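All chains, please: the whole structure from these sequences, using the hints.
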Amino acid sequence: MSTTTELTAPAAPATPRRRRQGSLPRRVIVAVALPVLLIAAWWLWSADSESFFAPPLADIVAAFPSTWLEGRLTSDVLPSVIRLLIGYAIALVVGIGLGMAIGLSPTLRAFTEPALEFFRAIPPPVMIPILMLFLGIFTTMKVFVIATGCLWPILLNTIEGVRGIDDVLRDTSQVYRLRRGTQLRTLVLRGASPQIMTGARQALSIGIILMVISEMFAANNGLGFTIVQFQRSFAIPQMWTGIILLGLVGVVLSIIFRAVERPVLAWYRGLRQSQRGGNS
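Using full-length UniProt numbering, you'd call the opening residue of the sequence shown number 1 and step up by one each time.
No lab work stands behind these hints: they were computed from the structure. Here the structure is a predicted model, which means the values were calculated and not measured. Glycine included, C-beta positions come from ideal geometry on N, C-alpha and C. There may be inaccurate statements among the hints.
Pair ranges (Cβ atoms, derived) [unchecked claim]:
(1) Ala31 with Val260: 13 to 23 Å
(2) Thr107 with Leu69: 54 to 64 Å
(3) Glu70 with Glu160: 45 to 55 Å
(4) Arg163 with Thr74: 36 to 46 Å
(5) Arg27 with Ala235: 32 to 42 Å
(6) Ala31 with Gln229: 27 to 37 Å
(7) Val252 with Thr112: 33 to 43 Å
(8) Thr186 with Pro106: 20 to 30 Å
Printed below as a string of structure tokens:
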């Protein structure tokens, strides 16, 4: 009677998980290292400065609380941010809506492409003097300028994102007879979301620039208006505090954008990770 020996393949070693201990402190250190170095270099370089237009950083920091924390945050900074957010929101709604429609229709895309190429080549600040004639110097003009400038990166990226959706996925959705609304929500909008978020990030930086420029042209409040007033009255340390505050506003908005982007594109990062075999 023969004895059969069963050969059992050795179990595959477990894939080691990436160690995440200490990853958050490391990311924080990497993120703040360059700003800290730049601030330290500016502080040391300007410590003995006697230039009227480039005062020491210590003087600028000392002037910051009295300049902005005694009422100007609500009278100047808050209106600027509100105008930015309204214009940005309008650009998001219009850009994504039109981008999906144009991206899904080759006929509409061919019809609108010449006009889109023409209008996106016009810098939005050039339109400010013309818009002042029709809309005045009030909030409507500033919001319109911001929305117009933010529209193009969102619109064009949405079009390209919709065009880049896999045809196999389109055919599969038709085979399963998904409703039109379900296709737009689960296939088109989600499939184009990486491109849409790229355009939204570009639009946010453009919106901040246009917010300041529109207030410099004609306004009676706002961050850009206040910076220009400081410059015209030769309040140079206060002018520098406005520039620093503008940068801080941009940093805060970027952090908020990242917080929104992370859950929106969680599926996309998971897909990319699975395509790389689970390696980060």
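Hints, verified against the model:
1. Ala31 with Val260: 13 to 23 Å: Holds, at about 18 Å.
2. Thr107 with Leu69: 54 to 64 Å: Because 56 Å falls inside the window, the suggested range holds.
3. Glu70 with Glu160: 45 to 55 Å: holds (47 Å)
4. Arg163 with Thr74: 36 to 46 Å: Since Arg163 and Thr74 have Cβ atoms about 45 Å apart, the given range 36 to 46 Å holds.
5. Arg27 with Ala235: 32 to 42 Å: For Arg27 and Ala235 the Cβ distance comes to about 38 Å; the hint holds.
6. Ala31 with Gln229: 27 to 37 Å: holds (33 Å)
7. Val252 with Thr112: 33 to 43 Å: holds (36 Å)
8. Thr186 with Pro106: 20 to 30 Å: holds (22 Å)
Violated hints for the displayed structure: none, as all numbered hints are satisfied.
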